[in-house]
Amino acid sequence: MNLHEYQSKFRFEEFGIPIPHGKVAETPEEARQIAQEVGGPVVVKAQVLTGGRGKAGGVKLAATPEEAEQHARSILGMDIKGHIVRKVLVDPAANIEQEIYLGITNDRAARMPVIMCSAEGGMDIEEVNRVKPEAIIREHIDPLLGLRSYQINALASGIELPYPLWRQFQKIAACLYRCYMESDATLAEINPLIITAEGDLLAVDGKMSLDDNALFRHRDLAALRDTSAEPAVETQAREAGLSYVKLDGQIGCMVNGAGLAMATMDMTSIFGEADGIGPANFLDIGGGADADTVAAALRIILADPDVKAILLNIFGGITRCDEVARGVIAAFSEVHVKMPKVVRLVGTNEEEGRQLLQEANIPDMVTATTLSEAAQKAVAAVKGA
Amino acid sequence: MNLHEYQSKFRFEEFGIPIPHGKVAETPEEARQIAQEVGGPVVVKAQVLTGGRGKAGGVKLAATPEEAEQHARSILGMDIKGHIVRKVLVDPAANIEQEIYLGITNDRAARMPVIMCSAEGGMDIEEVNRVKPEAIIREHIDPLLGLRSYQINALASGIELPYPLWRQFQKIAACLYRCYMESDATLAEINPLIITAEGDLLAVDGKMSLDDNALFRHRDLAALRDTSAEPAVETQAREAGLSYVKLDGQIGCMVNGAGLAMATMDMTSIFGEADGIGPANFLDIGGGADADTVAAALRIILADPDVKAILLNIFGGITRCDEVARGVIAAFSEVHVKMPKVVRLVGTNEEEGRQLLQEANIPDMVTATTLSEAAQKAVAAVKGA
Amino acid sequence: MAILIDNNTRLLVQGMTGQQGLFHTRQMIAYGTNVVGGVTPGKGGQWVEGKPVFDTVRRAKETTGANASVIYVPAPFAADAILEAIDAGIELIVAITEHIPVLDMMRVRNVLDRSSSRLVGPNCPGLLTPGQSKVGIMPGHIAMPGPVGVVSRSGTLTYEAIYALTRRGIGQSTCVGIGGDPVNGTNFIDVLQMFEDDPDTEKVVLIGEIGGTDEQKAADFIAQHMTKPVVAFVAGRKAPEGRTMGHAGAIVEGGVGTAAEKIARFQDVGVRVAQTPEEIAELIAS
Amino acid sequence: MAILIDNNTRLLVQGMTGQQGLFHTRQMIAYGTNVVGGVTPGKGGQWVEGKPVFDTVRRAKETTGANASVIYVPAPFAADAILEAIDAGIELIVAITEHIPVLDMMRVRNVLDRSSSRLVGPNCPGLLTPGQSKVGIMPGHIAMPGPVGVVSRSGTLTYEAIYALTRRGIGQSTCVGIGGDPVNGTNFIDVLQMFEDDPDTEKVVLIGEIGGTDEQKAADFIAQHMTKPVVAFVAGRKAPEGRTMGHAGAIVEGGVGTAAEKIARFQDVGVRVAQTPEEIAELIAS
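Respectively, the protein sequence lines represent chains L, R, B and G.
Just so we're on the same page, my numbering is the position in the first sequence counted from 1, plus 262.
Just so we're on the same page, my numbering is the position in the second sequence counted from 1, plus 262.
Just so we're on the same page, my numbering is the position in the third sequence counted from 1, plus 1396.
Just so we're on the same page, my numbering is the position in the fourth sequence counted from 1, plus 1396.
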């Protein structure tokens, strides 16, 4: 789960990191009022969960409250890479002497968090990594020991930060780490962390991503999720505990397990390639899915107008085939679907599952034994439709 | 540094441990008022930094506010093992079903904290350890990993705590550990932690000791020190950064380093034994002591009326002999002392130190080369005095 | 002989009294696994499916002599359960639980590296040595004893591979699901080494997927240390970049971790790569 | 040969620019110690006493090839300094700083146990190999080269022992102050083993004190593993129970850790125990 800039920065501030004292506006009038309160020039910034807002004209400097209102009017409602801007952050403009990058993420290979710092702030860190990797100073953090003061010194030394700023930098890095750990974040970055003309450090832009698996212990953070920005099916899928990714084919796939869902995606793609047929989605109903989950998954697939056939591929381990069958029957009795359905049920309680499906007598349903067979039948069904 | 019961419990409460909602009184009238606010029977408890207050009559149950006032009147001003009672805690009386012990301390041999729990609450844990060691359940805590939930389960299981209380117990133990670590404690104990008739857990008595070396990062805790209860010389010694222990002999010792101070104490004791002569104190001026520290140390020694001779034993490593000499000269020029002085200066800058002392021409001073010689001369001086 | 589990495995079930735990305890017992007890804090002293339940793993181990543990504890408590098993000195710990927070697993991994326990998982289907012992959630009836070792990052794809082998009459020595989480206990290389050393294993099936570089490292290991033939399958050939495919481990980031890259590395070192799950069995047979 | 430090010791000074650090850096250089540089965060690039100063230990080690480090950093920052030296892979770390919080040292100890570094101290006078190298704060002029190893929990008592030996014309191989803190890096047994293995050491002096059980463990070790004669001295024979004598380690708790107990254990295993510091030299000479 990603946080908006303003959410990330407000979270940073809770942990003691200095940020510009701006506010969020949802209307141009609010933006004007905030600019008035702030006094002096402000920056009006689109709050969207995607990059590239600067190039899209989503960040503008305003000298007066009137100008702030005008900018907010032009930015609010803007479409940036499919995301509609519904909020702007109005921040006091800072006098920037230098821009620094400071971020923490998980290094999966090293199995520990890593803090990264670069004097090339403002740029995308992945871009810096490509162009000038030696400009990034990295320190791996033992998660049991925490970020140590000497490691922060190594960062400061590495980017040749002027010594009078080291004390502030120590505090900001330590606070960012605490924020990262106590939020169960997978990314917490300040970009840029600026040196102001007044000789202070200030986090003028920020970004946080959180571990969805850890949201159970962060109800306050979970409540920050902005579902207005994402497609409705993604919200539905998440709330049903499903993993769903929209693709551009015609076969609606419902599978248990990420690996098998990927293989199903691969197989339909490969067998359908010659005819321009492929998977309409990746959908993993997870382990131990019950009837309700399966019904919810089917509803999501059926909501996609591109879907011309359904492929249900269940290999039961923790998932019991009879439960899946019950879900399928419930879903089909709720929504009437004319399209062809290919069903493959193997594994725990497969006999009971097949029995149930047979008794339900669902129209246009064929069964398959192997994955290849199931994928081929689904492709054929789309061709024949 | 030890905290009073009320200070420990209020600290526990900050970390989420349930305690009786009592208050501290310094006068009988205050005690009456608190009892009135609390309503119902109360316990009036002497706040002293020593054990055995119960036997001494320092803890009394009062049915009415009037009775609370009477008890407070009798307890306030009481002398318990040399400690004058200046405060009482007035707590609502609890309905006790069972008493549990729960405490954390450092296990030096294992080099990690250990949490201990026993169904024999209310008793002194060292007494339980002597009489019935198997009644104490212990879990060592990896300081990097923290106290784990499963370890708390092991304690609950070990003392056969009724299952409905496990959730509360989990929280209390986890909070106690956080309190311990975030206070840099060397002891944090709840004794007893009671099961009330209402089926809740409640910390009715508590005790904390803090690591003096870590007080620099706990200014709020350092401010809790109650110097009214300790001898003035101990306060003076601590404030001057000295380690001072009063003994019952006649030779005032000033030494640098704990080991050498102990050896000096041993030598004077051994050489003086036949004549009933021995050290008046243990006093370690520490490493790198400067003139001010030495002067402060000398003042503390001279304040002791039992002292008949002074033995100054300095072996300079980090402590420089010339610095020590300057301190000695400063102290003697301030306070005129008629008694004999034995001085031994060896180590870093010993020549300069001896030179300075010689030039100062301090009366009744003799020098020594070895520790045995110095101790023998000091004993002889007391005999001759 | 097989690897990791066999007839000598004495299994504890952590979270035995929960719904999943109970269901799979019955399945494991039915398969013939020697389940010696369960652990559920607060339920110590009860009996479930004829097995004693304990409050703590340490007590359970002392009483039953267990040498392995399987964890069905819900995600919020699962890291603690793993740490408890490590602390109690359980030799083999199999964590089925999915959705454990990654920072929890980083802490676990840190402790694990200092211990003598082996962790398989989390977010894995467990282990199956056909005819001897089943630890986890694999459907036992699709497997049969034989000479092929199976190791996989994916749960249900493991079943596909076993299913395909069994349908062709090829049995398995041990099937190991290592799980799809980015931070876990046992990786491909660990298991490949065990199969290489196991006299009962003649050939190996490896099931990989997109994300990370574990398959590339496995390819290097195979080239340098394996004498037994390996057949691989890699899921996610058609996965779009930057989208997480079902679990945190399966994501192609900045062009790194693609199926094409992994397949190429396998082929470079002489590992044959199957195009469909069914082809796995064909390549093993040939 | 000596132990721990000699002519090949290339020393970093952490906290070189502080008052104590600077004073003792000069003393060490004057003694002949090969000080190769210093570390003070934020002062990297400066030169002090003709030695380069670095911001971090890692950089200092890379540049100077240091293999040892001595720490004069104030207590609030000392644990971090030790961890930095461990992280940088410094082989020998000598921490002079006293008053480090005990929880800090427990964390350090935990990390140290997983590393290949050796820590001596904290709260110790350091090491002295007469005529070769001096690391710490021992007054070098009281020592002379020779065949006796000295190991001690007490700072100034170490000097007493050295002083007594030298006055009798007996030189020292290496003098090691292990420090008086309850949680530290190196204990008696570690050093006794090194002296046992060192061909330049013929006899050993051990200086103990009240508190804990390290002397008892040393006695057991001597009985089982030492062939070289050991003379001991134990401070605090007249210490009252329950009062801390100067530092957290020196306290007799509930009758445990008394000098009498320790002396008896030494005598039981044939270690001669001196009554005065001067007697140490007499017993060694005899």
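Treat the hints as calculated values from the structure; they're not laboratory data.
Misleading hints may appear alongside valid ones.
Said to hold, decoys possible - When the alpha-carbon atoms are kept at most 25 Å apart in a straight line, the in silico BS3-like pairs for lysine-lysine are as follows: (1) L:K433 x G:K1447; (2) L:K600 x L:K570; (3) R:K343 x R:K469; (4) R:K343 x R:K322; (5) L:K508 x L:K343; (6) B:K1447 x R:K433.
What the hints assert, rightly or not - Far from chain B by the CB rule (all over 12 Å, computed), these chain L residues: (7) Q298; (8) G319; (9) K508; (10) D528.
Said to hold, decoys possible - A few chain R residues that don't get close to chain B, going by computed Cβ distances all over 10 Å: (11) A355; (12) I387; (13) D404; (14) N415.
In this text, all values refer to a predicted model and were calculated from it rather than measured experimentally.
Ideal placement from N, C-alpha and C gives every residue a C-beta, glycine not left out.
Does the structure break any of the earlier hints, and which numbers would those be? 1, 6, 9, 10, 13 and 14
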